[in-house]
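Colleague: Could you put together the complete structure from these sequences and hints?
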Amino acid sequence: MKKRNIVQKGVTFALTAAMAGSSFVSAFPVLAAEDDSKSIVALTTDGLTNPLGVDTLTPVFTWQMESGKTGASQSAYQITVMDMGGNTVWDSGVVESGESTNIKYNGEELQPKTEYQWKVAVTDEDGSTWESDVNTFETSFLDTTYDSWGDAKWIGSSKKNLDAAAANLFDMHVNVTIPEGSTKASVILGANDFRLQNKAMNVWNKENENYFRYEIDISDPENPKLNIYVVGMPAAVNELDENGEPVMVESWGGLKPSIISQEEENAADEPDAVVNIPAEVFEGKSLNDPISLRLWTNQCNQVSASMNDVDVDAGRQLNPLGGDHNSNTFPNLNSIGFAVNAGETAYYNGLAIDMFGDNDDNVVLFDKTTGATYSIFEGLDDVTVDSSEDKITVEGGENGTLVYADPSDGASPMVRTQFSTNDKEVASARMYVSAQGTYEMFINGDKVGNGLFNPGNEEYSTYMPYQVYDVTDLLQTGDNAIGVQMGQGWWSGELNYTTGDYNYYGPYQAVMARMDITYTDGTTDTIVTNEDDWTVSTEGPVKSESHYNGERYDEQTAEKYEGWTTADYTESEDWEKPVIHEPRMNDFSFVVRYDEEASVVKELDVKEALGESKEGSGSYIYDMGENVIGVPHITIPADYVDPGSTVTVRYAEILYPDLPEYQEDGLVGTMMVENLRAALCTDFFIAGEGDQEFEPHFTFHGYRYIEISGLKKELPAENIKTEVISSVNMTATYDSSNENVNRLFKNVQNSQTSNFLSLPTDCPQRNERLGWTGDAQVFSMAASYNTDVYNFYRNWLKSLRAVQRKDGSLPVYAPTAEPQEDEFGGRGFSGVSWDAALTVIPYNMYMQTGNPIIIEDNLDAIDHYLDYLDSYDMSEEFTHLTSRTGILADWLSVDSTDAGLINNAVYVYLIGLARDMAEVVGNTELHDKYAAQYNLAKEEWNACYVEADTCRLYTKTTTDADGNQLDEPEITYYDTEAAYATPLRYGVFNEENEAKAVENYVETVKAANYTITSGFSGTPNLVPVLTKYGYVDDAYKLFEQTDYASWLYPVTQGATSIWERWNSYTVEGGFNGNNSMNSFNHFSLGAISEWMMSYQLGITREDGQAGYKSFVLQPTVGGTFTYANGSYESNYGTIESGWTAKDGAMETYTATVPANTTATLYLPISEEQAKATTAPEGAAFVEMTEHNGTICAVYTLESGSYAFTIGA
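Taking this note's numbering, the leading residue of the sequence shown gets 1, the next gets one more, and so forth.
Everything labelled a hint here was simulated from the structure, so no lab data went into it.
Given the structure is predicted, the values throughout are model-derived calculations rather than measurements.
Misleading hints may appear alongside valid ones.
Claimed, not checked - Derived lysine to aspartate or glutamate pairs resembling EDC-like cross-links, with alpha carbons at most 20 angstroms apart:
no.: 1; residue 1: K929; residue 2: D870
no.: 2; residue 1: K225; residue 2: E131
no.: 3; residue 1: K956; residue 2: E925
no.: 4; residue 1: K206; residue 2: E612
no.: 5; residue 1: K929; residue 2: E992
no.: 6; residue 1: K713; residue 2: E664
no.: 7; residue 1: K368; residue 2: E378
no.: 8; residue 1: K602; residue 2: E718
no.: 9; residue 1: K713; residue 2: D873
no.: 10; residue 1: K391; residue 2: E180
no.: 11; residue 1: K184; residue 2: D83
no.: 12; residue 1: K614; residue 2: E664
no.: 13; residue 1: K1028; residue 2: E994
no.: 14; residue 1: K1028; residue 2: E1068
no.: 15; residue 1: K256; residue 2: E242
no.: 16; residue 1: K560; residue 2: E664
no.: 17; residue 1: K104; residue 2: E131
Modeller: See below:
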């Protein structure tokens, strides 16, 4: 497989003079002298450099000024946009303005599929004019319908591949006939699970034969039974009372049997469960008539059985690790087969494996003529296969027969076509492509673009993304070929942790493409996907792929298909005519994503080879040094593996620690994969000839550790790399005298990189990886400091709006892959702190960039949501608070805080944000509506939750659990960090209560000995509130704490990313019983980096002003730090801030204010120090004032670089 190129994003690509042409010669005034030190750089259109596929009629233009001169600024600009023929479509004229960001196009109507060039002339503070280089942008179809695709069709295959080892959801049925003279017949599934054949791959140290056996037993005709056997691992069994009846316990959905785990497995001939077959199964039938047996998973780790369409055993948990999606799954389908006792016979027919789920498309994966077919059983001892009669006969012989075989078959679809340019020279060519699933496209053997997992993750029921590529240089004169490899992506298979969304958008993969070619003679050609000119194969090298489960790649097959994307390739007979797959939900809009494609952003080497996982296992573990998202690139020399051998690659975030519970089980130092839950997260590579390389292209993993099995010997560490994949590339920098804090900042950036893949996800590793709203909103400001995420969030919010329900309520993640018909659809257990993403993120992105488009996109949806909350009064007394606060608030906190208290505070805050955003876009009606509502809601919150005089926070309960009125209200106080910090940060306390609430909050922090007791919602507010109100020493004590719970505790335990839980791992408790619900790569608690940038370094916006045209520098010295410095890439350029300190007092301060900006600096020094400090050129002392509760010297700074030495 070809190795991917690492793509460094955010780079401005220079255009050649020839490309620029002479179109602009007369467009601008005479330029300033060439030796002046100014230049106009970093031109972007809609936030992208020279973008293809601009999907709007009014793109916005941004540029930066670079200059070494102090005070350099822009006084005017003139933008000129031309088509490639030199015709001016917009001349802004000279605009007297210093703005250089988000200037909206206002010219002639842009045309579809048209390339434009633009440049800007800037007049500086001296009246000199500076001209930028030429940049380009090219429009998309500018059409959301199918019309612009012409005759292009969605093409794919009607065949579906099956990877039985990864199939944790399955639906198998077979007719079983037990003839007279025989009494028992069994069906086998889950056999030969690779995890139970290597002691390093399971928690029971098993490496034996393994299978699950369902035996129909009619030996007692009056009491026929279904006997269930678990062989090769312990089983989960029902807990029985003294009468032998199952013990029932409360669970989701009511009473369910209590499940316990065997310490040791039963003998192979001893059933783990015996089920009485209901009499109606045989109603009107003989015991020797065919019995229709169906075995299927109604969810992960639960197997149901029916016989003759009668439910016999519903949702049985056989896996001792757990009975749902929160555990590693057993059984997976794996190998299937039969068992018959000695001297007996059984007949089987109608054996089939159907697509799991509703299967409206009636997809069959395996039967007598489909997939691997009955031929897999041919040649097995005591088995006779007659496919023509649909009959399999199994004889028990002298010792009994137990046989099974692997039903896996097929591969992910590949489509190809060939065409000729008829010896014409190509002037330009554009490819427009979308897919149901993900795709990689090749032209003449070269990959089209550098993107991964395109077209990206969206709410496909509403939006279908497509990409636009310039493929001019990939075409050749004469014969050409296009090939497309497809994968399930976010379209098919398992789409989240529940089974109801399986194949939600459809079971098949398909691609739709259109290529427009223009020749140098002016003629054109159009190549489109269709059933006549293209062919499809489902026998290629990508045997299976899934984001959750991994990829199976066959190098031997790849050798057979070598060159399939070139014009020299000769198709074999497995290439056939494709089928048309119209999407199930076809009422969507075609769109081009706002953000950049996912790509490889960096490469990691092995930090340490840890040797064999368990002695004799042949499994070797490598530490990649950091917990990231990516895939391995493994180089395997010829002498390390035999052709046809399977190399198995597993992934883990952490190893089992050296604690007694793991010592006893022999797990210390092995891969901890319990937290991957139902995601198999395993790649398989079937080796070919000679030296070879393996790198999956249609899956990704969150991991630090790689385990490689199946080689003859341990690979050298230098043969293993990790390709880190993301949609973003970090640009912020940070360094300080505290190495733990430096590591913390890197961890935050690692987790952002890991979870900003096509949309902001909660985690990159387990069977989730979803766009959770709560996670996204609490981290949004921190994310915006680390890199430009405006377009990234804007694109995701499109999906969130798409799944907003009719009543205005919101699901907890988007996309949902689920209908939004009613209030409780789409994960309805939300909370205002989660729903806040719809309001908070547009506000934060606007304030960071000054671009109001994201507000315009979302304001109607925000209004709809707030109306929903407003329609449910909290009570007759508090009609401007909401009763629909939900249960998600300060998630995973150490101390619990009432969700209503927190979420109503957030609700008040959201009303205020809606008011402010309405004003930004000139919506006076909404502004006035929310201004009035805000004041009323704020007063009610104070009246409802704040105790008079003490300002302690509390809730009052007036009824019992049954709704009966209490004689006296029950008062519950919440003196928690989250309870105070959240409303203080959001300005919800009224003026009367604010000061005392601050005092209460500080006492709460001290009472916890400067450890963190809050969770997702409260934690981002802790140190910003302390710092804002002048409690700098307390802020630094909390920030630098290394005891549990704290930001630095995980760092002291070796963390290289942000954990989901404060106690994801502790020295004393290991994983603290959270082995499964435990991500070691969650960005939420990393929101602390916002404070590090905005308070510690002090780079922040000026109150009420969006963007960084004029900004604030408010460096905050404290704690044990002797220095801290860093940078933020604003829309105007790089802002730098740094300081040194001794004994807690600032000694020096340095800053860079980008050209065309100004800053207000608040230096935390005394008046005496200010008098003794010489202001550098461009800095002017203004006054002494109190800022954030601290006496500061205020300076105005023109653009330039500054160094202050603080006077004594």
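Colleague: Indicate, hint by hint, whether the structure satisfies it.
Modeller: A quick look at each hint next to the structure:
Straight-line distance between C-alpha atoms of K929 and D870 comes to about 12 angstroms, which keeps the hinted pair within the 20 angstroms bound. Taking the CA atoms of K225 and E131, the gap is near 86 angstroms; set against the 20 angstroms cutoff, the hint is violated. Straight-line distance between C-alpha atoms of K956 and E925 comes to about 36 angstroms, which puts the hinted pair past the 20 angstroms bound. Under the criterion of a C-alpha separation no larger than 20 angstroms, the hint pairing K206 with E612 is consistent with the structure, at around 17 angstroms.
A distance of roughly 25 angstroms separates the Cα atoms of K929 and E992; the hinted pair therefore is violated under the 20 angstroms criterion. Straight-line distance between C-alpha atoms of K713 and E664 comes to about 28 angstroms, which puts the hinted pair past the 20 angstroms bound. At roughly 12 angstroms between alpha-carbon atoms, K368 and E378 fall within 20 angstroms of each other, so this suggested pair holds. Restraint check for K602 and E718: satisfied, since their Cα atoms lie roughly 16 angstroms apart, inside the 20 angstroms limit.
Restraint check for K713 and D873: not satisfied, since their Cα atoms lie roughly 68 angstroms apart, outside the 20 angstroms limit. Taken as a hint, the K391 and E180 pair is honoured in the structure, with Cα atoms around 17 angstroms apart against an allowance of 20 angstroms. Distance restraint check for K184 and D83: the Cα-Cα separation of roughly 79 angstroms exceeds the 20 angstroms cut-off, and the hinted pair is therefore not satisfied. A hinted pair counts as satisfied when its Cα atoms are at most 20 angstroms apart, and K614 with E664 qualifies at roughly 14 angstroms.
Between K1028 and E994 the CA atoms are separated by roughly 13 angstroms; this keeps the pair inside 20 angstroms, and the hint holds. Among the hinted pairs, K1028 with E1068 is inconsistent with the structure: their alpha-carbon atoms are about 36 angstroms apart, more than 20 angstroms. Between the alpha carbons of K256 and E242 the distance comes to roughly 18 angstroms, so the proposed pair stays at or under 20 angstroms and holds. For the hint linking K560 to E664, the alpha-carbon distance of about 48 angstroms lies beyond 20 angstroms, and the restraint is violated.
Annotation: proposed proximity of K104 to E131 holds, straight-line Cα distance about 19 angstroms (limit 20 angstroms).
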